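Visitor: Protein sequences appear in the order of chains A and B.
To convert, note that position 134 of the first sequence is 134 in our numbering; the numbers rise steadily by one, no gaps.
Every position in the second sequence, counted from 1, becomes a number in our numbering once 551 is added.
Do not rely on the hints blindly, as some may be mistaken.
[Stated by the list, open to error] Just some of the chain B residues that point at chain A, by a computed CB distance under 7 Å:
no. : residue
1   : Arg622
2   : Gly632
3   : Trp636
4   : His643
5   : Gln644
6   : Glu686
7   : Leu690
8   : Arg693
9   : Ser798
10  : Ala802
11  : Pro834
12  : Leu836
13  : Met839
14  : Val841
In short, the hints are calculated from the structure, not lab data.
Since this is a predicted model, take the numbers as computed values, not measurements.
Note that the Cβ used here is the ideal one computed from N, Cα and C, for glycine as well.
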Amino acid sequence: MSTSIRPPSRHTHRADPVAASPLTGLGSLVRLYGRISRRAIIVWTLAVLVLVPASILAMEEAYPDQGALDARAMLLDNPSAVMMTGPYFATEHYTFWAMVANELFLYILIPAAIMSVLLTVRHTRGEEEAGRLELIRALPAGRLAPAVAALIVVSLANLALGAAITAGTLVMGGEIAGSLALGLATALTGMVFASLTAVAAQFTEHAGTASGMALGLLALAFMVRGVGDVIDRQGSWLSWFSPLAWAQQTRVFVDLRWWPLLVSLAAVIALLVLAGALSHRRDVGAGLRAASAGPRSASPALLARGGLARRLVTGSMLAWGIGLFLFALAFGSLASSLTDFIEEMPAIGEFAPIAMDDVTGSFSAFVLMMLTTGPVALIVSGVLRMRTEEFAGRLAGALVAGTSRVRLALMWFLVVLLETALMQVLLGLGVGLGVWAATDDTAWIGDMTAAALAYLPAIALYGAVALALYGLNLRLTSVAWALVVYTALITFLGDLLGLPDGAKDVSPLNHVPLLPSAEFEGVPLLVMGVGAVVLVVVGLAALRRRDLAAG
Amino acid sequence: MTATDTADTTGSASTTSDAAVVVRSLTKTFGTTRALDGFDLTVPRGQVTGFLGPNGAGKSTAIRVLLGLLRASSGSAEVLGMDPWSHAVQIHQRLAYVPGDTNLWPNLTGGEAIDVLTRGEKGAAHRRRRGELIERFELDPRKRSRTYSKGNRQKVSLVAALSRDVDLYIMDEPTSGLDPLMEAIFTDEVARLRADGRTVLLSSHILAEVEKLCDTVTIIRAGKDVESGTLVQLRHLTRSTVAATSSADPAPLAALDGVHDLVIDGDRLRFDVDDAALHDVLPVLTRMGVTALTITPPSLEDLFLRHYGDDLAAGSRSAGAEDS
Ligand SMILES: Nc1ncnc2c1ncn2[C@@H]1O[C@H](COP(=O)(O)OP(=O)(O)O)[C@@H](O)[C@H]1O
Ligand SMILES: [Mg+2]
């Protein structure tokens, strides 16, 4: 009798319970997250491993001698060149590697930051929103283990990326300390954005909002660094507010100094402590603020045609719209300060489509085109939101309520198109207002707003491509994103990398005339408009034919 | 009588005109997976039809074909006299759907989600019914959907579907996540629908639920319908369990053809009997001078065991092996 009531101490095959710490289970979580993101990390690393040497090779070919380099250095008197690349340190003797640091570094830092944001959100708020964190926390895992595991995986990803960069530059003959600094600075900057993301993930319940916030901060960092360096080409007080500047201020390949990286390191630590403290104050699955009660029933606006799409898409559009408008103002107001710099620099046309006889106009036009990558990305993201809805099974719910697929998808497309079109007009207005503030010439306001309209067919075309791909096959939708990334690359760096016209022409945005400085050309706009209509029809027809993904 | 006989009788009894849903030889493949494989289903109008099968049998796939969300690979399906793929919108105007796992728009409130899901419904009667259902299911419509538990999300779906004034209600495992109290209310609401002459197709892997609610049942396994008919028809294929108390010699019982698994524990007897053999057994029991007798009618569990018994046993064996 007594044996049967004794605690079952012997017949268990489990190990004795280990003392619980907040980090219990860390090892297996790191393996789990590593397994989930393994492919993404490998792809990012391999991409960098190929693209860094390739870019350096392209530069070697474009600038074979000191004369070419000196001509190049002259460009850095141009604020917009400084804005789009980096601070100008090698003022005495512009070496090849100084140019690499100057022009490539920013575009290594940005992918590292984006990768860090996406991975961090996936393993923190993403897991939490999907309810998987709850599963994990119910296992014998410590309270901090999931978050620390996420950070370890992101750190490993950044280390891999940094190592790839160092290897890539060493292979191309970069000097050892500089190559190491380039890799380390990139990894650390990635971690700064990972930590920023960890903080952002505390504020919102949604993974999408968290990555939006973090990417918005990246855009802000880009702008602050740019404007700061325009104030002083070697970096002003303003530059130091941007994590991107901390990396660039190492003066790598010119006059290497390591201490700015300590700023990055300190920021990582401070931000992580902050994220930890914030996470302490909230429940699993919740944001920092408790949700308030909402309406008892739907408003007529929500039930109107396209109402659901409006409701689901407008919030982030508005946030991005405000952010981009501020960018537009800031960039626009730079326009006039250029004129003085540029007049003595005939070589500017190589760097960017800036014309000598109309510096302000062509600069504003170029700024507007760069800013248009915002609406381009947003229309694709807005259209592809349908994909999310479909996977979640919510699209089926809306359909069974009595709408046809074609009607729903068309309304969705039109809502997103209308909102991005409004945003585009706003961007034109913003640039115009900025230029007006700088030049005191009110004509710019109207000119730039009108110029923005020329982009609408192209923007519609991007949305239509996304819709067509979505209709044809859910797995093809990433192609739409690839087109957006390619477009951004061509728009920002097309001239700089000296890509052939054929490669540039793949980007629809490249076919829009650079108004107001260039001649208006209606034919490309018409072709793109017609193309958009055709693709919408294709997408809708295809959508009618395919199975909906299971909900 | 065999299972196929029963299915055939039901099939011929309900012609196309008085059936809300008629599915014939339906096949649906996903790549190499055959989710439906020559599947037949008839849902008579004005009745509650149960659609029973274990997880992964193809219930949801069949329902998604009926909703026009998936396109059948071959075979035919007709819902309310129309082809679900080409007439999805017309059908949806006359049909309400409850998915098994409701995923709502996180930042809409429950009330808003209900209205979005019942966009077509207007008028005071609908508002009244909506309010009544929200109250019965004890739902707070002002809460954001993301704060709802699974059960509450399911309630949103149920309120939305039940508040619609349509001919056909298709429900895919609708009670998952509901507590017993809410399940009772749901049962009651389905009974009201039937009293009202509406047609209901209700999929489930829970036997008791189907037993409680349904007039006819179709059982699906691995994409095929393996049995269908009224509950009464199906019960004739099964065995009742008899428990009796008697001090007499049980040998005559054991000798009977329809008696299985006889267990004797002192004066208590327990055995299963083919329902068809019940009238042979009762006289024997009487002769044995039984002092207490309970006959448990067959549950649908028996039906399941007839079709899945081997698999279930194999499944639990391998699960057990993993455990030890
Ligand atoms: N979209 C899909 N792609 C591939 N296989 C699927 C898909 N949908 C369902 N299946 C498969 O079809 C079978 C039937 O699934 P389902 O209809 O969901 O079963 P039930 O609802 O009865 O549990 C399962 O084996 C499932 O894995
Ligand atoms: Mg199912």
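Visitor: For each hint, tell me whether it holds in the structure or not.
Guide: Right, here's what the structure says about each hint:
no.	hint	result
1	Arg622	holds, 6 Å
2	Gly632	violated, 18 Å
3	Trp636	violated, 9 Å
4	His643	holds, 5 Å
5	Gln644	holds, 5 Å
6	Glu686	violated, 12 Å
7	Leu690	violated, 11 Å
8	Arg693	holds, 4 Å
9	Ser798	violated, 34 Å
10	Ala802	violated, 38 Å
11	Pro834	violated, 47 Å
12	Leu836	violated, 40 Å
13	Met839	violated, 39 Å
14	Val841	violated, 38 Å
Violation of the numbered hints given earlier is confined to hints 2, 3, 6, 7, 9, 10, 11, 12, 13, 14; the remaining hints are satisfied by the structure.
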